[in-house]
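S.K.: Take a look at the letters that make up each chain.
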Amino acid sequence: MEHLDLLRAWIPGRLDDFLFYLLAVMAIPMALGVLFDRTIIRSGFLLIGVFGSICGLFLVLQAQFLALAQLMIYAVGITLVVVIALMLTNPKLEKEAQPGTAHQQLGSFLVAGALFFTIYCALRSESWPLSSEAVSPDVQTIGMALTTTYALPFEFASVLLLAALVGAIMLAKAERAISDKEEPSKEAGEQNQPATLFERDTTVSSTRR
Amino acid sequence: MIDRGEKKGQFLGAVSVSYGLIALIIVVLFASGLFTQMMESINLKGYPDIYAFVAILFLGTFAILFARGEPVAVMAIGTIASFFVLTVGQEPLVRYLTLAAVLFSIGMYGMVVSRNAVRVLMSIELMLNAVNLNLVAFARYIDPIHLRGQVFAVFILTVAAAEAAVGLAIVLAIYRNTATVDMERFKLLKW
Chain A
429 MEHLDLLRAW
439 IPGRLDDFLF
449 YLLAVMAIPM
459 ALGVLFDRTI
469 IRSGFLLIGV
479 FGSICGLFLV
489 LQAQFLALAQ
499 LMIYAVGITL
509 VVVIALMLTN
519 PKLEKEAQPG
529 TAHQQLGSFL
539 VAGALFFTIY
549 CALRSESWPL
559 SSEAVSPDVQ
569 TIGMALTTTY
579 ALPFEFASVL
589 LLAALVGAIM
599 LAKAERAISD
609 KEEPSKEAGE
619 QNQPATLFER
629 DTTVSSTRR
Chain B
52 MIDRGEKKGQ
62 FLGAVSVSYG
72 LIALIIVVLF
82 ASGLFTQMME
92 SINLKGYPDI
102 YAFVAILFLG
112 TFAILFARGE
122 PVAVMAIGTI
132 ASFFVLTVGQ
142 EPLVRYLTLA
152 AVLFSIGMYG
162 MVVSRNAVRV
172 LMSIELMLNA
182 VNLNLVAFAR
192 YIDPIHLRGQ
202 VFAVFILTVA
212 AAEAAVGLAI
222 VLAIYRNTAT
232 VDMERFKLLK
242 W
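Sequence lines, in order, name chains A and B.
In terms of my numbering, the first sequence opens at residue 429 and continues consecutively.
In terms of my numbering, the second sequence opens at residue 52 and continues consecutively.
Since the hints were derived computationally from the structure, they do not count as laboratory data.
From a predicted model like this one, the values you see are computed outputs, not experimental measurements.
Ideal Cβ placement from N, Cα and C applies to all residues, glycine included.
Hints may contain errors.
[What the hints assert, rightly or not] Residues from chain A that face chain B, not an exhaustive set, calculated with beta carbons under 8 Å:
(1) Ala459
(2) Ile468
(3) Leu475
(4) Phe486
(5) Gln490
(6) Ala513
(7) Met515
(8) Leu543
(9) Leu551
(10) Trp556
(11) Asp566
(12) Ala585
[As the list claims (entries may be wrong)] Interface residues of chain A toward chain B, partial, derived using beta-carbon atoms under 10 Å:
(13) Pro457
(14) Val462
(15) Thr507
(16) Gln533
(17) Pro557
(18) Ser564
Isolated chain B (complex conformation):
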């Protein structure tokens, strides 16, 4: 049974890697289209920040794979450096939206990777906060008179509070039945 489980895990891992590669290929195609548009309209020297971002990605991969860097530290430094490089020449609204995108991606990564159910809920809270930041930035820079973004942010706060209460109650109920909070063992509906 253990062998079967390991094989299944390897298979699922390979499937997720292939999904990631497919997503990466799509993004690269999309970005190459964008780059060709840029090359047609404006000269490439006006966009040094994306090249710096790619260079930071390669440096981070090198540091983790070959220089034996601590992966979490490399990831933190790389995230901050690429965030700074990508936003430093932009408008304030784009800066806020990029920060929200970074927090959203971090939350999504944590939601997929973590095995503790409570940590998954924390990641969901991070994602909701990123959305709130987006809405408030829109209210400040695009709609400063009616502030509709802030009204929607109030509703998101309400829904987030309800979601946290119900989600944690569900986690507690499952913990009472199965004595674990491991996401891999939540298979009460599977037999």
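Next comes chain A alone, as it looks inside the complex:
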């Protein structure tokens, strides 16, 4: 806590507000960069910055456990999965694809702005039941809640994770299984479904080009 006192001496006003605006000003342009960067692998890495600044916001909000979980799951795990998926698919195709039409972009920008303004009006017009008590130690409280009150959802979450794991492996492994079945059917001279799908798509794309 001593370094925080040092920071407080440096920065006039409330330290929480300063840190909040610092992290928000980091998060918003990075989130826009995720959308608009033309090199898609770079936008995958910008995602780490967004998740990192949100992790900092969690620390300002005194949620240390969630900040570390955010850093481990989002900033490392999910971003790694996203980057690996980008490398397995072909990022060069992104350059060939034209961005959406101006009408589309304008329409969705209007919708997003309207959504933001509606949420802001709803937030602002209500008086919140704020509580000024001290925050209880979060690891202990979350652990107690997860093992007593929320024990059943916790177990369901573990079942969901198991199902997602098995499902993801099955989906990603599907090609091998099909190609193993493919060879005897080709010997028999039959056409199977994935091959026809692929051919149809290539014909469509070739006519377009």
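Dock chain B against the given chain A, drawing on the hints supplied.
M.R.: Below, chain B alone, put in the same frame as chain A:
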């Protein structure tokens, strides 16, 4: 076939613009109701930030349309400026909720506009993060003893991890079948 596709694209674009205009009209009606309530109860001079927000919107539109500004840079500066103007006089909870609303809107815009499927998944992750930020802010400022918001945030983290794994596996499976990750060409169910 190309002409037909272009016409279809124009038609869809016009439909989305009209949807946006309808949403904008609804919001304007809603906001005007709010403004009349404000005018009845309190004088209008107490709310300068919404006027500043509208002024920033007009300035940004002007900069993009007439001054040939780079749209992304104008959008970033305008977002930060309007966020600062709208939150600087508010309570800390409202600040966090407004930041979450900004991130959610950015994620929704990206989800609609992007054509790369992986980028759509990234936008969904942004939206989930905004919800997490909301829940943690509620836990800090409204329920600091039981911290129920943080418990729900833990569950959202779990679901987000599962969603990312399954979504990216689906994208990979589709990529193997169609050799593209373009959202406009994902029409295996259409013929």
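S.K.: Hints first: check each against the structure and report whether it holds.
M.R.: A quick look at each hint next to the structure:
| no. | hint | verdict |
| --- | --- | --- |
| 1 | Ala459 | holds, 5 Å |
| 2 | Ile468 | holds, 6 Å |
| 3 | Leu475 | holds, 6 Å |
| 4 | Phe486 | holds, 6 Å |
| 5 | Gln490 | holds, 6 Å |
| 6 | Ala513 | holds, 4 Å |
| 7 | Met515 | violated, 10 Å |
| 8 | Leu543 | holds, 5 Å |
| 9 | Leu551 | holds, 5 Å |
| 10 | Trp556 | holds, 6 Å |
| 11 | Asp566 | holds, 6 Å |
| 12 | Ala585 | holds, 5 Å |
| 13 | Pro457 | holds, 5 Å |
| 14 | Val462 | holds, 6 Å |
| 15 | Thr507 | holds, 9 Å |
| 16 | Gln533 | holds, 6 Å |
| 17 | Pro557 | holds, 6 Å |
| 18 | Ser564 | holds, 5 Å |
Consistency with the previously given hints fails for number 7 only.
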